[in-house]
Amino acid sequence: MTATAAQPLLVAAFGLLGLLTSPLAEALITRSLPRLGGLPSPVIRLTTAVATAVLFALLTIRFGFSPGLPAYLLLGVIAVQLSRVDVVHHLLPNPLVLLLLTAGLGLLTMSAALVPDWSGLLRAAAGAVILFLGYLILGLISPGGLGMGDVKLAAPLGMYLGYLGWTQVFYGGLLGFVVGGVMTILLLRLKRGIKPSEVPHGPAMFAAAIGVVLLVA
Numbered sequence: 001m002t003a004t005a006a007q008p009l010l011v012a013a014f015g016l017l018g019l020l021t022s023p024l025a026e027a028l029i030t031r032s033l034p035r036l037g038g039l040p041s042p043v044i045r046l047t048t049a050v051a052t053a054v055l056f057a058l059l060t061i062r063f064g065f066s067p068g069l070p071a072y073l074l075l076g077v078i079a080v081q082l083s084r085v086d087v088v089h090h091l092l093p094n095p096l097v098l099l100l101l102t103a104g105l106g107l108l109t110m111s112a113a114l115v116p117d118w119s120g121l122l123r124a125a126a127g128a129v130i131l132f133l134g135y136l137i138l139g140l141i142s143p144g145g146l147g148m149g150d151v152k153l154a155a156p157l158g159m160y161l162g163y164l165g166w167t168q169v170f171y172g173g174l175l176g177f178v179v180g181g182v183m184t185i186l187l188l189r190l191k192r193g194i195k196p197s198e199v200p201h202g203p204a205m206f207a208a209a210i211g212v213v214l215l216v217a
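Numbering (UniProt numbering), first residue to last: 1 to 217.
To be clear, the hints were calculated from the coordinates, so they are not data collected in a lab. These figures come from a predicted structure and were not determined experimentally. Glycine is no exception: its CB is placed at the ideal position from the N, C-alpha and C atoms. Be aware that one or more of the hints could be misleading.
Simulated restraints on C-beta separations [what the hints assert, rightly or not]: (1) L140 with L98: 31 to 37 Å; (2) M148 with T109: 22 to 28 Å; (3) L98 with L20: 20 to 26 Å; (4) M183 with S32: 24 to 30 Å.
Please put together the full structure from these sequences, using the hints given.
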């Protein structure tokens, strides 16, 4: 089934899967990373569950029942959880970023073998390296603007974007800074006394990358 032929029932089913996956992911994160504290409040848990369900539905519309769908569903659920953690704790935990990179690579490798699309997998590896080095250089130049967590996150995002194409890598990387800049300006205006370095950049990176995945063919 192609993306254009994805049936409403399939989309609804994966949306429900996202709704159920979110609390499971939060429970696993709480258990494996106790330093983050206990489970978030019921309001936050409901918000993340709805956000994950919406992302699962949109990604299903985008990819259909294709070999690449599981990899991008993983991106969706971890994007929501890492954004939540970054907003609350100003932290992108290494284990979660590493999970996104390694598990995502495994799922993309499986997709490349089934399609087959080995050139896409090589492009994914190159995209990860390119986006990581780009963020690393900017992080070293302006350490107050980017944290090392943001730099590390650039690698899996570059991988996911690279698997789809070079256009996605370019726009995903560029828009990450644009969205981050807009979010920083808004938060500085809404919260007096906050410093630019205190604005989490991870959610902006995820928003830009997933937006490009969904909208740029």
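Hint-by-hint comparison with the structure:
1. L140 with L98: 31 to 37 Å: The hinted range 31 to 37 Å is violated for L140 and L98, with Cβ atoms some 21 Å apart.
2. M148 with T109: 22 to 28 Å: For M148 and T109 the Cβ distance comes to about 27 Å; the hint holds.
3. L98 with L20: 20 to 26 Å: Holds: the Cβ-Cβ distance is about 24 Å, inside 20 to 26 Å.
4. M183 with S32: 24 to 30 Å: Since the Cβ atoms of M183 and S32 sit about 28 Å apart, the hinted range of 24 to 30 Å holds.
Checked against the numbered hints given earlier, this structure breaks only hint 1.
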